[in-house]
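Protein chains: 2
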Amino acid sequence: MNVEMLAVGTELLLGQIVNGNAADIGARLAEAGLDHFRQTVVGDNLERIVSAIGEAAARADALIITGGIGPTQDDLTRDALARAAGVPMHFSDEYADHLRRWWERRGRPMPETNLRQAEYPEGATMIPNEKGTAPGLRLRIGTCWVFAVPGVPQEMLPMVEAHIIPFLVAEAGGTGGVIVSRLLRTWGESESRIAELLGDLYDAGTNPTLAFLASGGEIKLRLTARAHSGEEADRLIAPREEEIRGRLGSLVFGAGDDTVERVVLRACTEAGLTLATAESATGGMVAAALTSVPGASAAFAGGVVAYSGAAKVALLGVTPETIAEHGLVSEETALAMARGAARRFAAGVAVAVTGSAGPDALEHPPGTIVIAVVTPSGERARLLRLPGDRERVRTYATTAALHAIRLALSGAWWQS
Amino acid sequence: MNVEMLAVGTELLLGQIVNGNAADIGARLAEAGLDHFRQTVVGDNLERIVSAIGEAAARADALIITGGIGPTQDDLTRDALARAAGVPMHFSDEYADHLRRWWERRGRPMPETNLRQAEYPEGATMIPNEKGTAPGLRLRIGTCWVFAVPGVPQEMLPMVEAHIIPFLVAEAGGTGGVIVSRLLRTWGESESRIAELLGDLYDAGTNPTLAFLASGGEIKLRLTARAHSGEEADRLIAPREEEIRGRLGSLVFGAGDDTVERVVLRACTEAGLTLATAESATGGMVAAALTSVPGASAAFAGGVVAYSGAAKVALLGVTPETIAEHGLVSEETALAMARGAARRFAAGVAVAVTGSAGPDALEHPPGTIVIAVVTPSGERARLLRLPGDRERVRTYATTAALHAIRLALSGAWWQS
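Protein sequence lines correspond, in order, to chains A and B.
Quick note, in the numbering used here, the first sequence goes up one by one and the last residue is 416.
Quick note, in the numbering used here, the second sequence goes up one by one and the last residue is 416.
It is possible that some hints are incorrect.
You can't tell identical chains apart in this list, so a pair holds if it fits in one copy or across any two.
[As the list claims (entries may be wrong)] Restricting the straight-line Cα-Cα distance to at most 25 Å, the calculated cross-link-like pairs of lysine to any residue (SDA-like) are:
| hint | residue 1 | residue 2 |
| --- | --- | --- |
| 1 | K131 | E331 |
| 2 | K131 | E112 |
| 3 | K131 | R59 |
| 4 | K131 | L201 |
| 5 | K131 | N2 |
| 6 | K131 | D61 |
| 7 | K131 | I179 |
| 8 | K131 | P88 |
| 9 | K131 | P320 |
| 10 | K131 | V18 |
| 11 | K131 | G317 |
| 12 | K131 | P365 |
| 13 | K131 | I237 |
| 14 | K131 | C144 |
| 15 | K131 | P359 |
The set of hints was computed from the structure by calculation and includes no laboratory data.
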């Protein structure tokens, strides 16, 4: 079962939004063991949508289309489906009633344009949308099952999970086997250095395959096995993972969903310590990453975003003398910020980030970041020079701060 | 000049990363007035990369390929280019020397796999990479100019901006005119309601075109004009923008790059007020959004992430009695948090967010968020019920908190 994706929306071509839907659906196809070799994006143009549907339907066993089925006039996917299938459009009185009741329950008049959503190409089955008003559609074109779902992720994803994936797995007859991926997360070495350390494993075989991925300052390794069952895939992956972990040692800090923020929170919980943050250059991003984890409150006490020098003094107890003598961007000030956060939140562990994120310099060139960590075993600060623009510097500094906590808790601190 | 894009990378198909490169390049093509109708994604598979290159080269005048030219063994774009063009591969001794010097300057031994980056298909021109070691490539296949650039955005984007876009604009003979887009940002009404208010304008013409885009709780409108010059495009867009602003009134809060965080910081600066934040459920996201704006320190004093009840008491001066009587998720506690932040940071304006982001309930069902704002003119709090999972609730709450500040500063507070 070979599944393609087609995203419809001029805003994607103009770069006003990214195609996150493709990633969300791609992950679910992989989990279900469904092959997925190609994604396409076209704009809100009837001819080009029809062409893209026709080409994909000729190549693939199934096509999932996202976007273009909303209530507005630039929503053309329904019309394109009818055209590509060569069938007329019908109107569902039943769905029109459903729409009217949906708006009634919200005590608001229904904009008439919503009735477009009650149209469907002949032969199509509607897919229920629990989170919105646009129904999905399922239609056979030639030998290809074609699905249309909304572009809004919160409506799209439940429909894909509840209706489309199970339908495709059943169509595949359950004989397609599974594709299992194992993600190993590393931090501290370059992509090419890691590729060299693992080069022979890359060449060694195709099941599992090995891939490299750089993002946000971390290098991730992906092992992907194809097998008849999840257990068989796990047996293929396990020895390869063991070999990789043996070679990379402490560079590997987590696997799968073990993001560094999760690893840090777990390490704090296991050590019976709470955690606090004191941020200047990262402006709340370290705290936001930590609190993105459900249940973060078990270990995360809180943080201060001390953007001004005055705030560093008033909220974190950094002395004006420390700032005057060493500067805002210094190991001394960062350590004082971390100590202050630990004290104010009565936390066992605290991290502080100060620096010059750019574009303007602050005492040092943009990209100069100082990170300090205090734990019950000691304290340490380090000055980093990070490349890139304001957004990249802040992202890398956030990652580095989280790893600094992780290393400090493991007793490794910074190695070099 | 019709330009297509092809992204190469199995990690895109497996959903491990999103194709942000397509959005970044798409925005630059639009600015340059270059047509862009289609994007494709394929995995790290030689046959499929070769097919996708061949199809795009037959359809388009230019093709920009991102990814697959790094140093590791799964980087196949160079080989696929040679195959698609039907030419042999050569090795550049000159570039190999450049690579060795690059690593020498960093005082580290060069992993030998890097030498792959000195290979190029016959007839290809190398495009300099100022930020990394993988050079780009430019090659003619049939009537199509094909470019290959790295997948790492920080390396790719400067190469596209400095070398590819100017080359394509020159090839187009400067006669292609320009495409100018104007983005209007609204908050406070549903997409279908806004589409209804503007339906006749949508139908009215194709130059400028009107499109609707929902994201993060905001509805954006995009007017796109095609003209011989930027001035002519502006003259086409201006009356349509005026008409839209007349109909939508205060729903429109900004245009172009005027994100709500920029609007808020500007309003504070103009009023001579500094701003502080007190966050619980959003865990630092409001502060992170504000500090993403360069120069935020002129108006943003700082914030407290008071994740625990104890932190709300210790750092924001919320009384235990307030929490005991009204709960952590209440208008009273939110107001006390905002007052505390204003006091601690000596700020004229403060916003507070508390609530239940989920997945577990906190006093109220997940999605219950309370936002409070204090300004020199008064104070106000409001309880919201937001749909979706933890990530969506936190994102919407962040947007709502920023708009609450904006409305308070304009004297409008919340309307309904």
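These are the hints, each one checked on the structure:
When the C-alpha separation of K131 and E331 is checked against a cutoff of 25 Å, the pair qualifies neither within a copy, at 50 Å, nor between copies, at 28 Å. In the homo-oligomer, the alpha carbons of K131 and E112 lie at most 25 Å apart inside one protomer (19 Å), although the nearest pairing across protomers, at 53 Å, exceeds that limit. In this assembly of identical chains, the alpha carbons of K131 and R59 never lie at most 25 Å apart, being 32 Å within a copy and 38 Å across copies at closest. Proximity of K131 to L201 under the C-alpha cut-off of 25 Å is found in neither arrangement, the shortest distances being 45 Å within a copy and 28 Å between copies.
Taking CA atoms no more than 25 Å apart as the test, K131 paired with N2 passes in neither setting, with 28 Å inside one copy and 38 Å between copies. For a Cα distance limit of 25 Å, the shortest separation of K131 from D61 qualifies neither inside one copy, at 28 Å, nor across copies, at 41 Å. For the homomeric pair K131 and I179, neither the shortest alpha-carbon distance inside one copy (30 Å) nor that between copies (35 Å) is at most 25 Å. Within a single copy, K131 and P88 get their C-alpha atoms no closer than 28 Å, and across copies no closer than 54 Å, so neither meets the 25 Å cut-off.
In this homomeric assembly, K131 and P320 never come within 25 Å of each other (Cα to Cα): the closest approach is 53 Å inside a single copy and 39 Å across copies. Taking CA atoms no more than 25 Å apart as the test, K131 paired with V18 passes in both settings, with 21 Å inside one copy and 24 Å between copies. Taking identical chains as interchangeable, the C-alpha atoms of K131 and G317 are never at most 25 Å apart, the minima being 48 Å within one chain and 40 Å between chains. Taking identical chains as interchangeable, the C-alpha atoms of K131 and P365 lie at most 25 Å apart only when they sit on different chains, with a minimum of 17 Å there against 48 Å within one chain.
For a Cα distance limit of 25 Å, the shortest separation of K131 from I237 qualifies neither inside one copy, at 38 Å, nor across copies, at 35 Å. Neither within a single protomer nor between protomers do K131 and C144 lie at most 25 Å apart by alpha-carbon distance, with minima of 27 Å and 44 Å respectively. For the homomeric pair K131 and P359, the shortest alpha-carbon distance between copies (17 Å) is at most 25 Å, but the shortest distance inside one copy (41 Å) is not.
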